[in-house]
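Chain F: place on chain E using the hints.
Next come the chains, spelled out residue by residue.
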Amino acid sequence: NAGVTQTPKFRVLKTGQSMTLLCAQDMNHEYMYWYRQDPGMGLRLIHYSVGEGTTAKGEVPDGYNVSRLKKQNFLLGLESAAPSQTSVYFCASSYLGVAFVAKNIQYFGAGTRLSVL
Amino acid sequence: AQTVTQSQPEMSVQEAETVTLSCTYDTSESDYYLFWYKQPPSRQMILVIRQEAYKQQNATENRFSVNFQKAAKSFSLKISDSQLGDAAMYFCAYSGANTGNQFYFGTGTSLTVIP
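Chains E and F, in that order, give the protein sequences.
First residue of the first sequence: -1, per our numbering; consecutive thereafter.
First residue of the second sequence: 1087, per our numbering; consecutive thereafter.
Next comes chain E alone, as it looks inside the complex:
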């Protein structure tokens, strides 16, 4: 059981380049999330999705777009990368159902370290 898988693990971009980060989960979770982690700031929510075909903005959505065409995948896109987007990006997923044991727990991928030069 792989859980939440993020690709790639590392990436270096030049300012203005575009890229897509892929998140895949095999737990049949309804909710998926993208966070960025910066030193001294904890994790901040970029976008999230409550189900296939739906997305919503989080705390810091500017400069990012997302898509959830399949339930198991959540893509994060940077159309024109900027140095301010240098960060570690985390994907997470969680369970919506009524089973209390698992509800509201977020499961994280291993992160993607992105540097924009």
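If you are wondering where the hints come from, they were derived from the structure by calculation, not from laboratory data.
Even glycine gets a Cβ: it sits at the ideal position worked out from N, Cα and C.
Some hints could be false.
[Unchecked claim] Examples of chain E residues toward chain F, derived with CB under 7 Å:
id, residue
1, 40
2, 41
3, 104
4, 106
5, 108
6, 109
[Claimed, not checked] A short, non-exhaustive set of chain E residues, derived as facing chain F with CB atoms under 10 Å:
id, residue
7, 35
8, 56
9, 111
[Stated by the list, open to error] Over the 12 Å line for every Cβ pair with chain E, so calculated as not near, a few chain F residues:
id, residue
10, 1098
11, 1110
12, 1168
13, 1171
14, 1188
Chain F alone, transformed into the frame defined by chain E:
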């Protein structure tokens, strides 16, 4: 918006001793969950413990326990018999039961375990 505050950027503890990490939060919701996540150098976020707001009993998981004070909006993590493997960044997180499962994280506490 909900806020989560961790006022201790760094903490240290001697191996086998006990340490407490502090967390406070602000919310107007009555139904919510609180979490402590551990992030070792590998970067992987690992769930340590979870507390449901409606439960008065403090959650425990082996050497990890919490002190949940709902009225004071305080949620501290106690690590007993500290081990070298406990060295990590610890994040406190809040999730409202009815806010789309959105999480709000604190800024983290870096824990060093001294042999």
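Each hint tested on the structure:
no., hint, in the structure
1, 40, "4 Å, holds"
2, 41, "4 Å, holds"
3, 104, "6 Å, holds"
4, 106, "4 Å, holds"
5, 108, "5 Å, holds"
6, 109, "5 Å, holds"
7, 35, "9 Å, holds"
8, 56, "7 Å, holds"
9, 111, "8 Å, holds"
10, 1098, "18 Å, holds"
11, 1110, "14 Å, holds"
12, 1168, "23 Å, holds"
13, 1171, "18 Å, holds"
14, 1188, "6 Å, violated"
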